[in-house]
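Undergrad: So the sequences go chain by chain: X and S.
Under this note's numbering, read the first sequence as residues 7 to 380, first letter to last.
Under this note's numbering, read the second sequence as residues 7 to 380, first letter to last.
Check each hint, because a few of them may be wrong.
Copies of the same chain look alike in the list, so a pair counts if it fits in one copy or across any two.
[Stated by the list, open to error] Each computed EDC-like pair below joins lysine to aspartate or glutamate, with the alpha-carbon atoms no more than 16 Å apart:
no. : residue 1 : residue 2
1   : Lys109    : Glu375
2   : Lys220    : Glu365
3   : Lys165    : Glu141
4   : Lys220    : Glu368
Calculated from the structure, these hints are not laboratory results.
Note that the coordinates shown come from a computational prediction; the quantities given were computed from them, not determined experimentally.
2 protein chains.
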Amino acid sequence: MHTALCDELGIEFPIFAFTHCRDVVVAVSKAGGFGVLGAVGFTPEQLEIELKWIDENIGDHPYGVDIVIPNKYEGMDANMSTDELTKMLQSMVPQQHLDFAKKLLADHGVPVDDADNNALQLLGWTEATATPQVEIALTHPKVKLIANALGTPPADMIKHIHDSGRKVAALCGSPAQALKHAEADVDIIIAQGGEGGGHCGEVGSIVLWPQVVKAVAPRPVLAAGGIGSGYQIAAALALGCQGAWSGSQWLMVEEAENTPVQQAAYVKASSRDTVRSRSFTGKPCRMLKNDWTEAWQAEGNPEPLGMPLQYMVSGMAVAATSKYPNETVDVAFNPVGQVVGQFSKVEKTAAVIERWVQEYLESTSRLEELNASV
Amino acid sequence: MHTALCDELGIEFPIFAFTHCRDVVVAVSKAGGFGVLGAVGFTPEQLEIELKWIDENIGDHPYGVDIVIPNKYEGMDANMSTDELTKMLQSMVPQQHLDFAKKLLADHGVPVDDADNNALQLLGWTEATATPQVEIALTHPKVKLIANALGTPPADMIKHIHDSGRKVAALCGSPAQALKHAEADVDIIIAQGGEGGGHCGEVGSIVLWPQVVKAVAPRPVLAAGGIGSGYQIAAALALGCQGAWSGSQWLMVEEAENTPVQQAAYVKASSRDTVRSRSFTGKPCRMLKNDWTEAWQAEGNPEPLGMPLQYMVSGMAVAATSKYPNETVDVAFNPVGQVVGQFSKVEKTAAVIERWVQEYLESTSRLEELNASV
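So that you can see chain X by itself, here it is in the shape it has in the complex (with noise of 0.2 Å):
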């Protein structure tokens, strides 16, 4: 599964893991893959701190960051502080909201206090707190890519970023969205179908890659969006993908931070019991079907708020919910993609890299045997 891509970046293979421990990024670049810490929820100082332990564990490797830019948000002053930008975002939430959610964490169980309340909820989810990542980011030699997860990043971070001698990848859920991020110069488009976890849109993967791949070549595109196996990345890579970005199997490894109650809830859950909701960041996110999720759905009840304000919602009851990972699953959030389905076990980051290079070449022999034997 060896492409184009993995030279330019120095990785053996094209498996790109999302993941927000740093043991599972140092794990999957020394297997031979491309670790991707998630930076959202990290202070500057923070992710400084997770990315000085990276380089000093992941020997010669490269790595990339994961970022968070949505596009500008109505009545946000790019000048503002974070604090200015948290207060003004909090008198927006109406007070119904903040009581249903307290409420709802009431009703099972899970105490909070003031600091949950006035946690500071915004952490890398603008570009006022993103744009500090970046800067701490770039001070990393080994990391070699920056991500967006969200929207095509502005042009003069992109030309930061180029300047430094690193890559910049996007994700998007359509044609269009890929046209305008290479448009922008991004090197590495990230097509998410929705199947994926986290944020994501409506059409499939197997649809959207070859739309994306085609609308963008010759520019790399990773499929993302249902990976959990060496035979989905063969499939990435027929329809024309240079390589594979996943997230979900990463929470399901030893080294993950996960805890067994949360990966025992992921081995139980099928592939139908996920769902698109707006319940925890405002946009569509695909994550465990639980209480939370079904009560900002049912009739009656609040709707969810546009991002960023219903964070400032949610933000109280991940602050929560982090505290008792064990107790509180029901009401926690859980991002996963359908793929959470095919869990059945915990394994060793290398283990995964591993079989999936087996499946990858199980899937491809096979093809190659139906070609010889025509």
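Chain S: place on chain X using the hints.
TA: Then chain S, alone, in the frame of chain X:
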């Protein structure tokens, strides 16, 4: 792309083409694929005429017939005649729904006459109406496959088809449904992802296909939902399927009965312009978004009834719009999958098959080169 299943059916390529047009059935089978005539909507007498025509024109090639036998409906007696059944169902439809549908059609300049309203609206949508279709099909020796589009066929019907030397296929949208088919001794499992036109589930093809392959191995699986090129067939075979089941593409061939206005609507549509709607059949069914689908999901309007009751309402729309196909595309039933976004022109059926084979070879050659260059 020649798989073991091709030898069992005596075909060159495992390309299964679902269509309501007998000309397309003939053209696909003559080009090396396997045409399948959708029998819904035909009386037994009409079906006999269609199959006789196919027999006379298809040469020595095999073909299939697709029927629709959903799970049992509440309150339905298997011994009821079609007329009794229709009468009973009509009595269960709220007047509000009929009035809403009539007004919607009138607002779009579509006249509804009493014949439309009283038209037999259940042709082939129940066991009572599908069974005679199967009996007719089994009198035609070139019919080698009976497929059921919705649910596991009744055990006695499967046995009857097997005894006559034919194979049985059935669609599914989850591994659990696939297992149910396999346990009932369905020979070929068609795994249809949420991208597909017509009735479909929510799980995307890239996730669903390998799960179904694994669940029913070594029983052959056909990939459905998102098949519109040889690249997508290569992906399906990479995921372990033995062939591909396609429907949307065959609306866009010269041999199809669709009018240029309808085909222009498909060319114009992107993959985001379809919707899973209950507004025609009562079950989630993917189709072009239009004024009819939007109206049935707008707040304050009647909600679609279940199957088959909703069809007692929409049947009137289908009958009325079919008389003016060019003027009524905005309220007509246009089932199509997300691959609609790939369509740019109308082709000859044989040219589509040839193109798909070439694309498949391009795809698999690229994979072979990648493996060879390591």
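Undergrad: List, from low to high, the hint numbers that the structure doesn't satisfy.
TA: 1
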